[in-house]
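Trainee: If you follow the hints, you should be able to join the two separate chains into one complex; please do so.
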Amino acid sequence: GQNIDQPTEMTATEGAIVQINCTYQTSGFNGLFWYQQHAGEAPTFLSYNVLDGLEEKGRFSSFLSRSKGYSYLLLKELQMKDSASYLCAVSEIANDYKLSFGAGTTVTVRA
Amino acid sequence: GAVVSQHPSWVICKSGTSVKIECRSLDFQATTMFWYRQFPKQSLMLMATSNEGSKATYEQGVEKDKFLINHASLTLSTLTVTSAHPEDSSFYICSAPGQAGGSTDTQYFGPGTRLTVL
Chain A
4 GQNIDQPTEM TATEGAIVQI NCTYQTSGFN GLFWYQQHAG EAPTFLSYNV LDGLEEKGRF
64 SSFLSRSKGY SYLLLKELQM KDSASYLCAV SEIANDYKLS FGAGTTVTVR A
Chain B
7 GAVVSQHPSW VICKSGTSVK IECRSLDFQA TTMFWYRQFP KQSLMLMATS NEGSKATYEQ
67 GVEKDKFLIN HASLTLSTLT VTSAHPEDSS FYICSAPGQA GGSTDTQYFG PGTRLTVL
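Note that the protein sequences, when read in sequence, are chains A and B. Per this note's numbering, the very first residue in the first sequence carries number 4; after that it's consecutive. Per this note's numbering, the very first residue in the second sequence carries number 7; after that it's consecutive.
Extracted from the complex, chain B is given alone in its bound form (with noise of 0.2 Å):
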């Protein structure tokens, strides 16, 4: 099947620094993703959908000035995590559609990246 990445799988780093985070899709092109957040013991929430060659539609209530989404390519999406602060500790993961478009798309998930604001 369909596989994605990300790196890093984890990252620690103190507050007020930026946190970059990849997504690729490894064996297929991706036009779009998604990057969804996860508190422990809590569902996936999705921030944003990453568009290829234009801009990130974000979720009611993500500030997109904060988490910065750039898909620079078919099969590469980033987030930016800046002026990290202990709030935003979480567990991000991205996905993507393993088909380009149509009504029976599966959502293939990057195996995350915990990342851990001091």
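With the rest of the complex left out, here is chain A (with noise of 0.2 Å):
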């Protein structure tokens, strides 16, 4: 099974950066997504990491650390549209790579 953690509410000033954290605890670990969800739509795809590091792709990182069940997607140069739910996932080999998310993360860009 898995246990995916992540802070329920971030706050932050346009322009400015967020880290949002998620821990998780699998066996058989198979990667790790992270979906944006802004209120009454569907999650959209940012990210997917399955090696240890750094995935930059534009204003939007996100690090996993497989030892240490561990990863943070960092989100630079908010901007209010950035205003969202953001759920970390991870698919579990035993899982038949089904995932499983997070209660996800509201982060809301202030002006």
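It is worth saying that the hints were derived from the structure and are not from the lab. Even for Gly, the Cβ is constructed at its ideal location relative to N, Cα and C.
Pairs of lysine to any residue residues, derived as SDA-like cross-links and limited to a Cα-Cα distance of at most 25 Å, are as follows:
hint	chain 1	residue 1	chain 2	residue 2
1	A	60	B	104
2	A	101	B	9
3	B	47	A	86
4	A	101	B	81
5	A	101	B	72
So the derived label-pair ranges between C-beta atoms look like this:
hint	chain 1	residue 1	chain 2	residue 2	range
6	B	13	A	20	33 to 41 Å
7	B	72	A	111	32 to 40 Å
8	B	24	A	41	28 to 36 Å
9	A	16	B	24	44 to 52 Å
Mentor: Here it is, written out as structure tokens:
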């Protein structure tokens, strides 16, 4: 099974940086995903990590440490449109590659 | 990227009626699709895995006779909520892996269906 923990809420100002942490426990880790979900909409894919290290994609970066069961999503140069829920999801080999989601972190960007 | 559509986007029905939700992969084939349910301010909870050509597999606690899943083709899966009740009101989302198998699949989500049962 998986225990996926991430903070419930975070607030930051426009132009700032926010880091959303995610910890997990799995057996047979097969990758970690980050999704963005705006209210009333479906999640959209942001990033995928399966090896240790940092993956950078424009303003968004994601980091993984498999030995620590830890990941973070880094949002830089925050914009108002970044206000959303950010979901950490883990894929587990023993679970037929199905995704298990954390509860999500609601990020509010203030002017 | 891969596109997944859902229909309808929202539906309001009376208690006791059945509602069918369609999930389509528009530009790729999906032998597997996943159905999730999301209550307000909660995360996505996997309900079942839809398998083309075979029976769906349900997560623990999900009633297979109440949530009927049919994966009729490589691009279409349907979820039917039978005898819906107000507690079934939720946001139902489907997803499909972007590749046919493999450990680097990315799941692409449909836009979701908001079900309200009166």
